[in-house]
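Visitor: Since the structure of chain D is already known, use the hints to place chain R on it.
Here the protein sequences line up with chains D and R, keeping their order.
Position one of the first sequence corresponds to residue 1 (my numbering), numbered consecutively onward.
Position one of the second sequence corresponds to residue 1 (my numbering), numbered consecutively onward.
Some clues are possibly wrong.
Unchecked claim - Now the stretches of chain R that chain D is said to cover, found in silico as 3 or more residues with beta-carbon under 8 Å: (1) 1-8; (2) 19-28; (3) 32-42; (4) 98-109.
It is worth saying that the hints were derived from the structure and are not from the lab.
We put the beta carbon where it would ideally sit given N, CA and C, even for glycine.
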Amino acid sequence: MERVPLEQKVLSENDRIAAELRARFTEHGILCLNLISSPGSGKTSLLERTLESLPRHDRVAVLTGDIQTENDANRLKRFHFPVKQITTGGTCHLDARMIERHLADWKLEDLDLLLIENVGNLVCPASYDLGEAAKVVVLSVTEGEDKPLKYPSIFFKSDLLVLSKIDLLPYVPFDIDVAAENARKVHPGMEIVKVSCLMGNGLHEWKMWLAERRRAHKSLVQQTAS
Amino acid sequence: MGIANSVLDAVRTEMGCHPGTYPCKVGVRIGEMAAIDQDALRFCFEAMIQDTDLASLELAIEVCPLRYRCQVCAREFVVRDYDSHCPQCASLETTYISGDELEFAYLEVEEYGASTVGAKSSQ
Numbered sequence: 001m002e003r004v005p006l007e008q009k010v011l012s013e014n015d016r017i018a019a020e021l022r023a024r025f026t027e028h029g030i031l032c033l034n035l036i037s038s039p040g041s042g043k044t045s046l047l048e049r050t051l052e053s054l055p056r057h058d059r060v061a062v063l064t065g066d067i068q069t070e071n072d073a074n075r076l077k078r079f080h081f082p083v084k085q086i087t088t089g090g091t092c093h094l095d096a097r098m099i100e101r102h103l104a105d106w107k108l109e110d111l112d113l114l115l116i117e118n119v120g121n122l123v124c125p126a127s128y129d130l131g132e133a134a135k136v137v138v139l140s141v142t143e144g145e146d147k148p149l150k151y152p153s154i155f156f157k158s159d160l161l162v163l164s165k166i167d168l169l170p171y172v173p174f175d176i177d178v179a180a181e182n183a184r185k186v187h188p189g190m191e192i193v194k195v196s197c198l199m200g201n202g203l204h205e206w207k208m209w210l211a212e213r214r215r216a217h218k219s220l221v222q223q224t225a226s
Numbered sequence: 001m002g003i004a005n006s007v008l009d010a011v012r013t014e015m016g017c018h019p020g021t022y023p024c025k026v027g028v029r030i031g032e033m034a035a036i037d038q039d040a041l042r043f044c045f046e047a048m049i050q051d052t053d054l055a056s057l058e059l060a061i062e063v064c065p066l067r068y069r070c071q072v073c074a075r076e077f078v079v080r081d082y083d084s085h086c087p088q089c090a091s092l093e094t095t096y097i098s099g100d101e102l103e104f105a106y107l108e109v110e111e112y113g114a115s116t117v118g119a120k121s122s123q
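Same shape as in the complex, but just chain D (with noise of 0.2 Å):
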């Protein structure tokens, strides 16, 4: 019997495509975010209303995965920036692959912002790395108040935790301050905003978070090609 190392990481392929795609990103100067929840967490809702407060000249674009149907897509596509579905006909989370597949007839240096609506699944996604500048994980206020802590993989690799439908709050079980402890225990110091994508509240703050990130996203990109 002989034992091998294998000084490998396991999903080294998705790793490889994800550097690259992260690297054309910063070659582009392109923020990408990548959005992560449960199924039904409000991930197309809050991309619905980013949408619609953008400028038509925005440089901004969108990826949505789903298991099937182009229906996120056709949500999207109504706020005339450039939308594409990923149906993955099955895979529970996106790989770096499909986003490049996806990308190909993109040109990115037309792009700024790129928004990427995960497969709604808490697990999985937070394993693959699809080149994005950082994570956002959506919680919607009518979940466990302790899914930080029984998922603590994706609060953990996320920057910004949004927790959605907060206009629910009166009618659901939902301690929002015990929500938001359990997140920064996984993860402390996590970024929180409590948005309601129905009502409008907190938008504003996400909005400001978003701006702030393509601002920051901007003077590294620059100080790092001078």
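Guide: Then chain R, alone, in the frame of chain D:
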């Protein structure tokens, strides 16, 4: 399933470098924060090797804890129950070191004929 598939792909690739042998055991390191359910991975792995040339391949999983380093006193420690205070100086200025692994550790290979166990479907 994707992870199990990646493990098997890597085993097959590595076996190209070890002619005359068959793989017995593949070791992987999985961090507490890697979002990998061990039972699910094992289940997928076993389902995928059934009735293939790798049917006897064993999957060994080593779980790696979440580790932080204290910025104040430089102590490195294992984080338990998400308590990221330094156990030595109680500082909260601590940073992540590891716990997100999803890596291969090793592959054990056996020469054909050295043992009858596991060689059945490879020959």
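Visitor: Look at each hint and say if it fits the structure.
Guide: Right, here's what the structure says about each hint:
For the stretch 1-8 of chain R, the stated coverage by chain D holds: 4 residues have a C-beta nearer than 8 Å to a C-beta of that chain, and at least 3 were required. With 5 residues having a Cβ less than 8 Å from any Cβ of chain D, the stretch 19-28 of chain R passes the three-residue criterion, so the hint holds. Beta-carbon proximity to chain D at under 8 Å applies to 6 residues in the stretch 32-42 of chain R; the threshold of 3 is reached and the given coverage holds. Counting residues of the stretch 98-109 of chain R whose CB lies closer than 8 Å to any CB of chain D gives 9, so the stated coverage by that chain holds, three being the minimum.
In the structure shown, no violation is registered for any of the earlier numbered hints.
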